[in-house]
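J.: Given next are the chains, with one letter for each unit.
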Amino acid sequence: DAGITQSPRHKVTETGTPVTLRCHQTENHRYMYWYRQDPGHGLRLIHYSYGVKDTDKGEVSDGYSVSRSKTEDFLLTLESATSSQTSVYFCAIRGSLGELFFGEGSRLTVL
Amino acid sequence: AQSVTQPDIHITVSEGASLELRCNYSYGATPYLFWYVQSPGQGLQLLLKYFSGDTLVQGIKGFEAEFKRSQSSFNLRKPSVHWSDAAEYFCAVGGDDGSARQLTFGSGTQLTVLP
Numbered sequence: 018d019a020g021i022t023q024s025p026r027h028k029v030t031e032t033g034t035p036v037t038l039r040c041h042q043t044e045n046h047r048y049m050y051w052y053r054q055d056p057g058h059g060l061r062l063i064h065y066s067y068g069v070k071d072t073d074k075g076e077v078s079d080g081y082s083v084s085r086s087k088t089e090d091f092l093l094t095l096e097s098a099t100s101s102q103t104s105v106y107f108c109a110i111r112g113s114l115g116e117l118f119f120g121e122g123s124r125l126t127v128l
Numbered sequence: 580a581q582s583v584t585q586p587d588i589h590i591t592v593s594e595g596a597s598l599e600l601r602c603n604y605s606y607g608a609t610p611y612l613f614w615y616v617q618s619p620g621q622g623l624q625l626l627l628k629y630f631s632g633d634t635l636v637q638g639i640k641g642f643e644a645e646f647k648r649s650q651s652s653f654n655l656r657k658p659s660v661h662w663s664d665a666a667e668y669f670c671a672v673g674g675d676d677g678s679a680r681q682l683t684f685g686s687g688t689q690l691t692v693l694p
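Heads up: the sequence lines are chains P and F, in that order.
Under the numbering used here, think of the first position of the first sequence as 18, with each following residue one higher.
Under the numbering used here, think of the first position of the second sequence as 580, with each following residue one higher.
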């Protein structure tokens, strides 16, 4: 158990509404990541963080923002959700040897 | 840029048969390589990892993988598949140079196990 909690686990929202997903870790890891998973695409990196208030973009960052005000929390925000952002979102932390440990995922449906 | 190709979208094997899942990667330096497994509705679980040294690595659940630098491959194997191995498998590549502290994943291989 890597001590990662994602919330909410399921959310249905409407196009144009803001959405925030939360990732909470209990093990003081420096690196945290947000990936999205879609059929046929595997996992694609949205944003990652390498410390408090230090974040960077991944390959599919358009339409997403992140914040990390505390080591343990990494928030992913969709400012104005679109149907193309319907996906399963995974948070991950980086272990000491570069491996990632994943949360259980947050399934988001945008109607 | 780093990339991973899993050529097989779906593989079906009979229980007790051997298994090999293919993974090819592209990476500019010495790669770190990983295999993950995902059961329906679950997160990804790390099966095994390669960083350096012995090119044959052992993982959990009886899986192993072999790193072949000349072929840019990191194929996953299991001598005898169990019904509980049915899942989706992802290969990933990363490294420890400053520009690549994130993993890039393949698109996955769905494994079906026949009784």
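Careful, some of the hints might be misleading.
[Unchecked claim] What follows is a set of in silico ranges between Cβ atoms, one per label pair, in the way DEER data are often shown:
1) P:H58 / F:K640: 21 to 27 Å
2) P:E96 / F:P586: 44 to 50 Å
3) F:P586 / P:G68: 27 to 33 Å
4) P:G57 / F:S631: 30 to 36 Å
5) F:S659 / P:T37: 19 to 25 Å
6) P:G57 / F:W662: 22 to 28 Å
7) P:S101 / F:R648: 36 to 42 Å
8) P:E96 / F:E643: 43 to 49 Å
Bear in mind the hints are in silico, worked out from the structure with no lab data behind them.
Glycine included, every Cβ here is placed at the ideal spot set by N, Cα and C.
J.: A separate judgement is required for each hint: does it hold in the structure or not?
T.: For each hint, the structure was consulted:
For P:H58 and F:K640, the hinted distance range of 21 to 27 Å is satisfied, since their beta carbons lie about 25 Å from each other. Distance hint check for P:E96 and F:P586: the Cβ-Cβ separation is about 38 Å, which falls outside the suggested range of 44 to 50 Å. At about 38 Å, the CB distance of F:P586 to P:G68 disagrees with the hint of 27 to 33 Å. Between P:G57 and F:S631 the Cβ separation comes to about 32 Å, which falls inside the hinted range of 30 to 36 Å.
Taken as a hint, the range 19 to 25 Å is violated for the pair F:S659 and P:T37, whose Cβ atoms sit roughly 46 Å apart. Take P:G57 and F:W662: their Cβ atoms lie about 25 Å apart, and the range 22 to 28 Å holds. Distance hint check: the CB atoms of P:S101 and F:R648 are about 38 Å apart, consistent with the given range 36 to 42 Å. Roughly 45 Å separates the CB atoms of P:E96 and F:E643, a value that falls within the hinted 43 to 49 Å.
Hint check: violations occur at hints 2, 3, 5; the rest are consistent with the structure.
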